[in-house]
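Starting from the known structure of chain E, arrange chain X on it as the hints suggest.
There are 2 protein chains.
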Amino acid sequence: MDCLFCKIVAGEIPATPVYQDDEVFAFRDIHPQAPTHILIIPKRHIASVNDLDAADAALVGKLFLTGKRLAAELGIAESGYRLVMNTNADAGQTVFHIHLHLLGGRTLGWPPG
Amino acid sequence: MDCLFCKIVAGEIPATPVYQDDEVFAFRDIHPQAPTHILIIPKRHIASVNDLDAADAALVGKLFLTGKRLAAELGIAESGYRLVMNTNADAGQTVFHIHLHLLGGRTLGWPPG
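As they're listed, the protein sequences go chains E and X. According to the numbering used here, the residues represented by the first sequence are 3 to 115, in order. According to the numbering used here, the residues represented by the second sequence are 3 to 115, in order.
The shape of chain E in the complex, shown without the other chains (with noise of 0.2 Å):
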């Protein structure tokens, strides 16, 4: 599996889990666009929203949850996040398995890109 995000699940490149389960992964963003960056994704490889089907459902939406209680235990539910999810070009995404960004600590303009 030719895949970045595989291979930190695998564990085969590191990176410092902020949180994880039998299904969900969640590391920090190594280019940080806010003072909190997470990216969380399923340990399962799907490359994109594109490629998700009606038995992903419940999984994307723990992808939420887990972003839900990120943003609580770093201290910016109450602040507020975004959670954005990029699919092909015009919207930025170069990693092919799919990642929910979970961004605060900071004043987050509009349009969101």
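Check each hint, because a few of them may be wrong.
In silico DSS-like links for lysine-lysine, alpha-carbon gap of 25 Å or less [claimed, not checked]:
{"no.": "1", "chain 1": "X", "residue 1": "K64", "chain 2": "X", "residue 2": "K9"}
{"no.": "2", "chain 1": "E", "residue 1": "K45", "chain 2": "E", "residue 2": "K64"}
{"no.": "3", "chain 1": "E", "residue 1": "K9", "chain 2": "E", "residue 2": "K45"}
{"no.": "4", "chain 1": "X", "residue 1": "K45", "chain 2": "X", "residue 2": "K64"}
{"no.": "5", "chain 1": "E", "residue 1": "K64", "chain 2": "E", "residue 2": "K9"}
{"no.": "6", "chain 1": "X", "residue 1": "K9", "chain 2": "E", "residue 2": "K45"}
{"no.": "7", "chain 1": "E", "residue 1": "K64", "chain 2": "X", "residue 2": "K9"}
{"no.": "8", "chain 1": "X", "residue 1": "K9", "chain 2": "X", "residue 2": "K45"}
{"no.": "9", "chain 1": "X", "residue 1": "K45", "chain 2": "E", "residue 2": "K64"}
Now the in silico label distances, taken between C-beta atoms and shown as ranges [what the hints assert, rightly or not]:
{"no.": "10", "chain 1": "E", "residue 1": "R46", "chain 2": "X", "residue 2": "E75", "range": "38 to 48 Å"}
{"no.": "11", "chain 1": "E", "residue 1": "R108", "chain 2": "X", "residue 2": "N52", "range": "11 to 21 Å"}
{"no.": "12", "chain 1": "X", "residue 1": "G111", "chain 2": "E", "residue 2": "A56", "range": "15 to 25 Å"}
The set of hints was computed from the structure by calculation and includes no laboratory data. Fair warning: this is a prediction, and the values are worked out from it, not measured in the lab. Idealized CB from N, CA, C, for every residue including glycine.
Just chain X now, kept in the frame of chain E:
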């Protein structure tokens, strides 16, 4: 219920649905930030991501799957699109009924706000 989006779901405030089913309603943002800018909401009132619990995972995932479906129908699945959900003031959340933004049809910059 004094919630703008609940009133839209109830038909008390007009909006043109681009998709709806028993659980989900999607309509165009009245202040679009991209050629395609749609809001995808659950019909059930949930104020923010902070109010989600584990039982909501499948519903949140369904918002994402609706985004995937609409991106395909609107011709932006391959060019790309960004899915965004804001929580509280730092992220600019203005309506406290969760809504997933689907943006596409142009290059979206980074950082996402």
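Against the structure, the hints:
{"no.": "1", "hint": "X:K64 to X:K9", "result": "holds (21 Å)"}
{"no.": "2", "hint": "E:K45 to E:K64", "result": "holds (12 Å)"}
{"no.": "3", "hint": "E:K9 to E:K45", "result": "holds (10 Å)"}
{"no.": "4", "hint": "X:K45 to X:K64", "result": "holds (12 Å)"}
{"no.": "5", "hint": "E:K64 to E:K9", "result": "holds (21 Å)"}
{"no.": "6", "hint": "X:K9 to E:K45", "result": "violated (39 Å)"}
{"no.": "7", "hint": "E:K64 to X:K9", "result": "violated (28 Å)"}
{"no.": "8", "hint": "X:K9 to X:K45", "result": "holds (10 Å)"}
{"no.": "9", "hint": "X:K45 to E:K64", "result": "holds (20 Å)"}
{"no.": "10", "hint": "E:R46 to X:E75: 38 to 48 Å", "result": "violated (26 Å)"}
{"no.": "11", "hint": "E:R108 to X:N52: 11 to 21 Å", "result": "holds (18 Å)"}
{"no.": "12", "hint": "X:G111 to E:A56: 15 to 25 Å", "result": "violated (32 Å)"}
Hint compliance for this structure: hints 6, 7, 10 and 12 are broken, all remaining hints hold.
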